[in-house]
Amino acid sequence: MAELSYRDAVARGIAQEMRRDPSLVMLGEDIAAAGGVFKTTVGLLDEFGPLRVRDTPISEQAILGAAMGAAMTGVPVIAEIMFSDFLAVCFDILANQMAKTRYMTAGQVTVPVVVRTANGGGSRFGAQHSQSVENWTMMIPGLKVVAPSNPVDVVGLMAAAVRDPDPVVFFEHKSLMARKAEIPEGELVDRLGTARVVRPGRDCTIVAVALMVERALQAADELAGDGIEAEVIDVRSLVPLDARTILDSVVKTGRLYTVEENPRLCGWGAEIASIAADEVFWDLDGPVVRIATPHIPLPAADALEDETIPSVARIYETIRRTADQ
Amino acid sequence: MAELSYRDAVARGIAQEMRRDPSLVMLGEDIAAAGGVFKTTVGLLDEFGPLRVRDTPISEQAILGAAMGAAMTGVPVIAEIMFSDFLAVCFDILANQMAKTRYMTAGQVTVPVVVRTANGGGSRFGAQHSQSVENWTMMIPGLKVVAPSNPVDVVGLMAAAVRDPDPVVFFEHKSLMARKAEIPEGELVDRLGTARVVRPGRDCTIVAVALMVERALQAADELAGDGIEAEVIDVRSLVPLDARTILDSVVKTGRLYTVEENPRLCGWGAEIASIAADEVFWDLDGPVVRIATPHIPLPAADALEDETIPSVARIYETIRRTADQ
Amino acid sequence: MSIEFDPGLIDYAQRPPRLPQPVDPNNDDLPIALETRLELYESQLTLRQFEKRAYDLFLQNLVKGTSHLSLGMEAIAAGFGKAMRRDDYSFATYRGHAHTLARGVPLGPVLAELLGRANGLLEGKGGSMHLTSVEHGMMGSYAIIGAHLTIANGAAWSAQLRGTEQVSVCFFGDGTTNIGAFHEALNLAAVWDLPVVFVCENNLYMEYTPIDLITAVENPAADRASAYGLEPIIVDGNDADAVYVVATEVIDRARRGLGPALVEATTYREQGHSRADPGKYRPVEEVAAWKARDPIPLYHQRLLRLGVPEQDLTTIQQAVAGRVDEATEFAKSGAAPALELAMKDVWADGSAVWRN
Amino acid sequence: MSIEFDPGLIDYAQRPPRLPQPVDPNNDDLPIALETRLELYESQLTLRQFEKRAYDLFLQNLVKGTSHLSLGMEAIAAGFGKAMRRDDYSFATYRGHAHTLARGVPLGPVLAELLGRANGLLEGKGGSMHLTSVEHGMMGSYAIIGAHLTIANGAAWSAQLRGTEQVSVCFFGDGTTNIGAFHEALNLAAVWDLPVVFVCENNLYMEYTPIDLITAVENPAADRASAYGLEPIIVDGNDADAVYVVATEVIDRARRGLGPALVEATTYREQGHSRADPGKYRPVEEVAAWKARDPIPLYHQRLLRLGVPEQDLTTIQQAVAGRVDEATEFAKSGAAPALELAMKDVWADGSAVWRN
Ligand SMILES: Cc1ncc(C[n+]2csc(CCOP(=O)(O)OP(=O)(O)O)c2C)c(N)n1
Ligand SMILES: Cc1ncc(C[n+]2csc(CCOP(=O)(O)OP(=O)(O)O)c2C)c(N)n1
Ligand SMILES: [Mg+2]
Ligand SMILES: [Mg+2]
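Residue numbers (my numbering), protein chains in the order written: chain Y, 1 to 325; chain C, 326 to 650; chain G, 651 to 1006; chain V, 1007 to 1362.
Extracted from the complex, chain Y is given alone in its bound form (with noise of 0.2 Å):
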């Protein structure tokens, strides 16, 4: 076991995946000589060598476009694309094209791609570079989705992304890069598609991803002070969804809140929350709640972005307010 942080246990699962399959290559902006911008890849250059580690112009689309065309063609990639909120400027290669091509080839094309990219606010970036966007990518068919909360999930779920044949969206939370845990020797690999229930509870379920998920968990502790036991699930993968871990909560608890750190309209909690309001309705003892960033670009100053992702005091407060409805 060693202790690592969220930032280097990103490495250590690329580290994993480029020692297992030696046709695994990497490319981005800084992501080389310089271990990313985040620092997340440290190392890698000088173990793989520039070949496999490879720096790039900026030029967004051209990097989704080599690593769909490789992929393609037989050689697995993990493309970074800096920060999340510049998806939009590589949206077409992403969304148009990795997403779509096996089903408009009929099968003929796989696309193994990993995307990852720094998501999420509270580093007082401003609207530019603070976005929570894992609906620009939910909404698109053809791609998987992953948002891990911890260093645990990241190491096994990047193992799972990159084994996993169909192009993956995987994002990684700037506020969570310094957050450290031990990590068990050996290889790890996750599933995704894999919901996990990080705190039972009877009362009702807080379902969130990434930095939501130590929120909620904080606000059902102190929830658990006033007598209400809240279960709360990290999702961690939204395509594919454990639709029946988060459903089979509800029917226990009756009751729904989403924690989410996206701009309210059409978010993943929408999603979540219409799946239980159809197939779970006749179990929901109460309405189906979400709490998630209000519905405008952030702002850079920290004490407005403070005030505008959910934090604590705010799930605390919505479920207090709301639980005897």
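Hint data in this document are derived by calculation from the structure and do not stem from the laboratory.
Keep in mind that a hint or two might mislead.
[Claimed, not checked] A short, non-exhaustive set of chain G residues, derived as facing chain V with CB atoms under 7 Å:
# : residue
1 : Asn828
2 : Gly830
3 : Ala831
4 : Tyr878
[Unchecked claim] Simulated crosslink set (BS3-like; lysine-lysine; CA at most 25 Å straight-line):
#  : chain 1 : residue 1 : chain 2 : residue 2
5  : G       : Lys702    : G       : Lys930
6  : G       : Lys930    : C       : Lys364
7  : C       : Lys364    : C       : Lys505
8  : G       : Lys941    : G       : Lys732
9  : V       : Lys1286   : Y       : Lys39
10 : V       : Lys1058   : V       : Lys1338
[Unchecked claim] Coverage of chain V stretches by chain C, computed from C-beta distances (three or more under 8 Å per stretch; other residues unrestricted):
#  : stretch
11 : 1133-1147
12 : 1158-1167
Only a predicted model underlies this, so the values are computations on that prediction, with no experimental measurement involved.
Beta carbons: idealized from backbone N, C-alpha and C, even for Gly.
Given the coordinates of chain Y, work out where chains C, G and V with the ligands should sit on it, guided by the hints.
Frame of chain Y; chains C, G and V with the ligands shown alone:
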């Protein structure tokens, strides 16, 4: 009163506004001399001349960037992105620049741009030219989103969009282009943020936009034969959203169905379903059911495309099957 | 605000025609084996007859969706197709029938795909704009401008990494040179010395708009080559021999690790942009002049000059016609795709399942 | 698959340094009024002292979020700022402090913005990377590479339509020349003869990567000019006079309707890319050589050579220092923005309301 097609209504709406505001200009690919590939801008070059109606290179980022920069400096712009699928090639300008700049600059900058684009399936164009992407824009704070279902709304909502000082994405549905309607003479100006009850009913509420409205209406007619009176709401404007009209209807009928052309995950229907499952939960008499295109890229062949986009039969059968739940 | 009105720009058909250069008479003497030339002839005829048939079927309302013909542009696909190695990669656009067939993809499934049939190349799921046959090195037709240049880079990068000496050849139009992805792809290809050949088919129009009105340079590809440290190369895209020679050279260089090339092939599409377009925005003399420069009669005449008996050419024509007829039968006999197909192959496990 | 390993590329700091050209001695004689020169001096000093202060405040943990300094690059912002007309438009990047101040935007609100205070230029909502002051023609700082080139076109287009003879000036880095939007913006500007000047600040690095390793040409902007029918223009970006002369000329041409320009200004950033970066990937001799070419001592020496008494320069320095101190007080005294601000100004009606 003159009978106009949906496609002609686009030009009629634009012409009305260009006559009113001599500073309003347009740009896009093949919109001027050719009158647009969907013939939605025929006659505008003749009337307003090549400086106000301008053909561009295939440079969607440059198109939207030019629109934004002009709009910021006093020249309102209507920009065409030929197919809504291509919003992906200029998504940064749309989602990160146009949508966020007012907020980031604390209101210093105003961006009166209308982005018109041909949306939706039914033309057997396959996965890269047939998408319904209202949710791509609805999920971005700072964008308004309009999707008219008929020629009269096209004119009135176009005027409303042009007069709105914020960026508005205006979805013109490819499969509605040939629909005709009588258009009243004189200036037509509608209001964003207003849904319309297009068929009153007491048993359930069906919300739809664009092409799905007429299908919902036909399904409602069939359901009426079985004694189910569905209320059909044409949402028209997804942002701002007339939640009041929708929720009032759900309170009355107790049941909510969404009919969405977008692939299921994070579609606009999820957002509306989640609002209902929260705010009118106690008025719901049964599950909220979403009728959507399955979460797949669209197939090209007619037989397959017809099977995937919600059909009258599927709407009818789904409601029939679930109405008593 | 007063905006002045310059009526001069309005009707593109009234602009001065852009006429073709005459055929270079020296091209008769290009060092190409006669056997190869007969294959180039047959290939061009195949593309031509196939697309004429596709057009007939469209008039009979049997072709579903849109389609973009390259009648008049066949010399480019044929010339490159012939110059490529069997395991090289092709990347094409929505206007990709010719590029697909030029790699040896059988006619029947391609035509069936246009008709939206289950026996189509893509089981009806792709349609005319997405023709792909991985087993023939035809890595896909991409319908959104620009993307496939970056993807072609990826295939070339993979060949470079794997050390296979495969070359990636990417076809696109003049209008495509103005989109951002073009720039990103060319720069990366040059920086990484990728074995990729970019082929700009300059048919003078981006859909309905003359390319010169929307492009800052005269030769949309060649005049950009230096921005990537590449040589400007312009070739007569209506002469299959000229194309073949240039193609052989640039592909060979790429194969030897000497990096990418950008080729501009001048040509003309004899019909509208897509099935909906009558092409009225073009000066009539221009269309006439280019039709007189059609690559197929040109090639036919050359073969006669080189001593091939007319009868041999007729035999080839008949063989091609027979294959096109067969393909038509094959396509028409196809069933509508089964509805389960729509729910197949979103994911590599064959399914469309996104949840448990 | 075997992938070979070339260790030569790994440590960028071990590469041969890219050294600056010597200052052109003739630049002393450029026809610039002494008064203008003193303004250029003061402007450069202001940018320098401001950013040094910003750096100090960062070390005191008072600057929130990231910030990108342009220490060593001030001559460009100052030279262009001085050459622009009051109603011309500036567009900058996340590295936009200098470009903002060079338009006369007051120091206090800019510094307060970096500190995330309510008295900030953007009420704390934009931060360092989004400085904007419409009343000063500073139309914004854009933090995602490429976009603002297309937006600058739009402002130029609007000026052209309105007939105001305003010019749009757009600043960006060497790394930015490789993104698609650069290409689209340059082409459209050229085709439409827009009154826009694109200024590439070539500081040799795209973040932590040497620009020459990822760019197909030596001069990332100038060697691309011909792809848009433009003249290649390279200027010494560490000499405010050289910049000013070129800026005056290209802005004047644009103003007279003679179309856009692309200027490459060679320079160097003396510190890391952003606050988190110590800049260790650069050869030490390179950093040293460029620091010895710092624009401010260079300019100081020139003014002395031109006969300005040292005392006059000291007076200017003191005045600037005073203003920076004042700005610091102003910024530090600012309150945290009120939370309601977060829910303001999404829409033009001032609200964030998306539903009824
Ligand atoms: C990003 C994008 N923008 C616009 C279109 C619509 N479109 C399809 S073909 C075409 C013209 C392409 O012109 P060119 O590159 O010259 O190729 P050609 O059709 O002449 O072969 C356009 C604008 C598209 N498919 N993708
Ligand atoms: C589309 C996009 N990709 C990547 C980044 C991250 N990034 C910020 S600054 C930068 C380097 C820019 O280099 P250059 O254009 O030379 O400007 P400089 O910082 O040197 O002034 C990068 C890659 C970004 N902001 N936007
Ligand atoms: Mg063309
Ligand atoms: Mg730089």
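Taking the hints in turn, this is what the structure says about them:
1. A cut of 7 Å between beta carbons decides the hint on Asn828 (chain G): the least distance to chain V is about 5 Å, and the hint holds.
2. At about 2 Å, the closest approach between the beta carbon of Gly830 (chain G) and any beta carbon in chain V falls short of 7 Å, and the interface hint on this residue holds.
3. Satisfaction of the interface hint for Ala831 (chain G) is found here, the shortest Cβ-Cβ separation to chain V being roughly 6 Å, below the 7 Å cut-off.
4. A distance limit of 7 Å between C-beta atoms decides the matter here; for Tyr878 (chain G) the minimum to chain V is near 4 Å, and the interface restraint holds.
5. Proposed proximity of Lys702 (chain G) and Lys930 (chain G) is supported: the alpha carbons are some 20 Å apart, at most 25 Å.
6. Proposed proximity of Lys930 (chain G) and Lys364 (chain C) is supported: the alpha carbons are some 14 Å apart, at most 25 Å.
7. In summary, the hint linking Lys364 (chain C) to Lys505 (chain C) is supported, as the alpha carbons are separated by about 15 Å, within the 25 Å threshold.
8. Straight-line distance between C-alpha atoms of Lys941 (chain G) and Lys732 (chain G) comes to about 24 Å, which keeps the hinted pair within the 25 Å bound.
9. Between Lys1286 (chain V) and Lys39 (chain Y), the direct Cα distance comes to roughly 14 Å. Compliance with the 25 Å bound is thereby established for this hinted pair.
10. In summary, the hint linking Lys1058 (chain V) to Lys1338 (chain V) is supported, as the alpha carbons are separated by about 16 Å, within the 25 Å threshold.
11. Counting residues of the stretch 1133-1147 of chain V whose beta carbon lies closer than 8 Å to any beta carbon of chain C gives 6, which reaches the threshold of three, so the coverage claim holds.
12. Chain C is given as covering the stretch 1158-1167 of chain V, and this holds because 9 residues of the stretch bring a CB closer than 8 Å to a CB of that chain, at least three being needed.
In the structure shown, no violation is registered for any of the earlier numbered hints.
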